[in-house]
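Colleague: One letter stands for each residue in the lines below.
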Amino acid sequence: MVIRDLADFSRTNIGIVFAAMFASACSVQDPLLPTRTEPFLHLVLAPDERLAPIENPPAEQYAILMTTGSPVLSPCRKAQRFEMRRTSDAALFGWRANGNCLSVMAGEHVDVFNHANYYLPASPGPDSAGSLELMPGTEYALRIETDGFVLNGRTMIPESFSIRLDGAGDARRVVWPRVRGAAGYFIRVNSGTRAVPPRLQTDTTFPLDLQHGTVKVTALDPNLFTYQLDKQQGRAGIDAGFGVFGAMKSASLSF
Amino acid sequence: MKSVLVLLLFFCGLPVAAQTSVLRGRVVDPAGLGIQGAVVRALSTTQQAVTNPHGDFQLTLPTGSFQLHVARVGYDPVQAVVAVPSTDTITFRLRISPVPLASLVVSGQRESAFLQTVTPETVRKIPPLGEADVFRAVAVLPFATQPNDLKGRIHFAGGASDETGVYLDGHPMQDPFHLMGLLGAINLAAIDHADVRMHHLPAWRDGALSGVIELETASSSTTPRYEAAIGLLSSSLTTARTVGPVDLLASGRITYLDRIARLFPDSTGLMSAIPLYGFTDAVLRAGWTKREWSTQLLVYTTRDYFRERELIDEPGYRPLTWGETLVGARVSRRTGASSLDFHASLDRATSELDERPTGREIVLDTRRDRVSAGAKYSLRIASSQLAGGAELDRFDHTYVWNARGRTDEIFTPRTPAAYSGAGKLDLFSIWGDANFDLSNNVRLSTGLRSTTSSGHWWVAPRAAVTYTAGAVRVTSAINRRLQFEAQLEEPPEGSIAPPVFLLESPRKVDVAALSFEWLDDLQVDRLPLFRIEAFVKRYSDRTYMADSAAFPSFERIRGSATGASASVRGSIFGGWLQGTYRYQRVREELDQRSIPTSWDAPHAVTAMFAVPVGDAWTLTAVYQAHSGRATTPVVARIFAPQEDAIGRGLTDRYLIGNRNSIRVPAYHRVDLGARRTWNRKNSRWSLSAQIINVLYRQNAIDYDWQQYYARLGLGRSDAGTSRSGLPIVPTVSLGIQW
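The listed protein sequences correspond, in order, to chains D and S.
In terms of numbering that gives the first Met the number 0, the first sequence opens at residue 0 and continues consecutively.
In terms of numbering that gives the first Met the number 0, the second sequence opens at residue 0 and continues consecutively.
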């Protein structure tokens, strides 16, 4: 075949080309993220934190269990089994579902108190331990079964510790010992006069350039520390789903 | 019908010699564009002339009446009787008439199959984005891509955008782009043509892994040429003429929209919506020839600025400016069979910003100097050509910046907010090229380039074989290429000054390419009637910015690019059509996985039409499509403790999936243009109107998941996931040549 002039070819096909151009010019359809059915868990053991609204008993512990469900909505989720035991004596802790079951919209602020759909009372009853029995330096195992997913996890609450002031003037700093069971520390300073950005660190000293205020050092177990440090961490302390099963222990000081 | 349009125009007041007169004229195609290389003969005399790139010619004839014969392969020849002396400019309009293949005789040395040329005529047929831009035209060639609407930097044959070198009259440039990389910083009127080399580089040209764009400035003639253009975005003025023995080209372009906007009261808020952005560029070239020696001096400069409206009256505020200045010289000596060329240039690319006097900490001060010098000797022996030479390149970079919060805008996302550093590199290269015929239809080109730096030598061999039989040409080539510079990462759209760093050991790529062409003398811009091309590239030393405390720190990774394309070209409705399909994959090896690069888009189609309507109008259409470039997805939105309230509040966390594992939606764009040309007195006018993205398809540039989720959270219904490219962009410009 000898093509001498493409006019014949073009006249035949030019209409097809233009038709294709118009057809392709419809609006762009963006692919949405696939909805994920894996569970998302947020359970951080904090025995000395006041992790409850003021009207509730202070020592209750809270957990959020939901379906990851990106991109638009993360629906609340129920577990067929929600079991946490102390590994040293296999003591069962009495986690319970509460009446809350709030779904979370994209971009919505998630408040642990308001969105928690599981909680650990201070004293749930004679057959199970409560939040008052969470002890620093002890390890806990978690098993959650929820709609075909099984999550196993393990964490240890860091040991109790205290902090102290060291140095004077510009060299003043807060120091504390390395805490067993902790991988890092979260430091918040409250002066009332100047905002000090909170810091996540592994070092056991923190410089103070304020005259007065309060400093709070929270020791984070490896799960929570890893989850917080690495912004691409999808899971820590559990073997399935997304989220974190961790623990923390705090110490404060006024100066 | 064969037609001759001899248009007697206007007196131009030239003095008439007593015995002979100069007859001036122009040969144009049906669209009114000048035809280069047409032969104009005065029958019954020995006088003849060949038209220049603009189609102009002049003949010196005695007084009398002559029959002129105008011919150009691919067009119907025409004849007309003219009277001499005549102060009129004669215009010959030729009709396209492809020559039967059987009658084709290939003679002389054809250009390489891997050299493609873009002329201003072609550029003007492509609806421009504000300004006619040679780089936009280059991007419609096979394997030349601009990944989306808002990136003007060109990727060649799967390479990154920093692997494309740009030269002006043989001198290397560093960043000839306006508008944050969107628009080329060369005024089209100052350009004669652009040669594009992708798959095979001769040994005298190296330093860019994926190819080069060699811009040649417009030639002058004894007839002074002036060209002015007035557009919505800018205006330009160009002159090319000889002044005594000096061949002169001067061209300048300037924008003014922001300046005009400041003059008007802004009751509607419209004026304040115009960004305080602008640019200038200018080319000045002077050359002269004495016996066999010719000398050329070149100065090129470009400058862009962007002023913050709220800071403009602050004392001490230095707005963001960037650009480059090139000063170069070439000296050549040409004799019958040999030539000797020397070239030297200094190119300085800078970017500056200082907002410290306004209380902000942002400062930017970068400077990249490149000094190049070289010598080349060529010798022709029968049909063989030998060439050899040496080059010296000195690079000197200094960087200082503190770009808090604006790192993405000024540089690239992974660039650190603050940096101060410098780098120097000296390269010395020697090279040799040999081209000779192995038989009547087989030609071999071989070359070797060796470069040294810091006591190490690197060798880059290359070879190409061309087989020609009738109208068919088959070419294959293998190359090794070296590049001693690297950008941190592929800059995003709108990146102002992506930093480039010097490498002590070069990046390397090996290229193999094959081309099958069906040649026809209906060649516009030296494109054949039909062409199939394929290439394979293997990067043994691609650079990747390492996640390291040290900056800059490059990992050396492997990569590959493969591609195949088919192109056709022909006449249609008296005009022409050009279409290309290409398949191309570009991958790099990261973390022991082979993944697509961010500019990988496997399928691409380009179609161009230019059709004359009546005697004065030309309608053009360009359709571009590709299958969407690779990008990195967000695979899940989960929650994480707030940084200031661990244990109490949770905030969104986006988990990033595998790098470049999804694609943005397919890209489609249709641009339409209309151009009317007419002659008035001794001037030629053109009015151009274009509509970019006429179908208003908002092509996605990338996904913006953060914005998407934020909008969803606010309950907005317009929570599209992608950032869009151009809307409909109409432009109008008026040009005049005299």
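Honestly, the hints are just simulated from the structure, not real lab data.
Any given hint could turn out to be false.
[To be verified] Only pairs whose alpha carbons sit at most 20 Å apart, straight line, appear in this in silico DMTMM-like list of lysine to aspartate or glutamate:
hint	chain 1	residue 1	chain 2	residue 2
1	D	230	S	540
2	D	215	S	642
3	D	215	S	55
4	S	507	S	425
5	S	680	S	614
6	D	230	S	703
7	S	507	S	540
8	D	230	S	546
9	D	215	D	158
10	S	680	S	55
11	D	77	D	238
12	S	680	S	642
13	D	230	S	643
14	S	375	S	291
15	D	230	S	642
16	S	375	S	408
[Unchecked claim] Here's a subset of chain S near chain D, in silico, CB distances under 10 Å, partners left out:
hint	residue
17	456
18	460
19	634
20	644
21	646
22	650
23	652
Idealized CB from N, CA, C, for every residue including glycine.
Colleague: Taking 20 Å as the top limit, are the C-alpha atoms of residue 680 of chain S and residue 614 of chain S close enough?
Modeller: 18 Å, holds
Colleague: Going straight from one Cα to the other, do residue 230 of chain D and residue 546 of chain S come out at no more than 20 Å?
Modeller: The given pair, whose Cα atoms are some 15 Å apart, holds under the 20 Å limit.
Colleague: Within a Cα-Cα threshold of 20 Å, do residue 507 of chain S and residue 425 of chain S meet the stated pairing?
Modeller: Holds - the C-alpha atoms of residue 425 of chain S and residue 507 of chain S are around 18 Å apart, at most 20 Å.
Colleague: Between residue 507 of chain S and residue 540 of chain S, is the straight-line Cα distance small enough, at 20 Å or below?
Modeller: 5 Å, holds
Colleague: Min Cβ distance, residue 460 of chain S to chain D: is it shorter than 10 Å?
Modeller: 38 Å, violated
Colleague: Decide if the proposed pair is consistent with the structure: residue 375 of chain S and residue 291 of chain S, CA atoms, cutoff 20 Å inclusive.
Modeller: 16 Å, holds
Colleague: Does residue 680 of chain S pair with residue 642 of chain S here, judged by a C-alpha cut-off of 20 Å?
Modeller: 74 Å, violated
Colleague: Would the hint on residue 646 of chain S stand, with a C-beta cut-off of 10 Å toward chain D?
Modeller: Status holds, d = 5 Å.
Colleague: Holds or violated: is there a CB of chain D closer than 10 Å to the CB of residue 650 of chain S?
Modeller: Holds. Min distance 7 Å.
Colleague: Can you confirm whether the C-alpha distance between residue 215 of chain D and residue 158 of chain D stays at or below 20 Å?
Modeller: Distance ~16 Å between residue 215 of chain D and residue 158 of chain D Cα, so the pair holds.
Colleague: Compare the distance between the alpha carbons of residue 215 of chain D and residue 642 of chain S with 20 Å, and conclude whether the hinted pair is satisfied.
Modeller: 14 Å, holds
Colleague: So, residue 652 of chain S near chain D? Judge it on the closest CB pair being under 10 Å.
Modeller: 7 Å, holds
Of the numbered hints stated above, those contradicted by the structure are hints 1, 3, 12, 16, 17 and 18, listed in ascending order.
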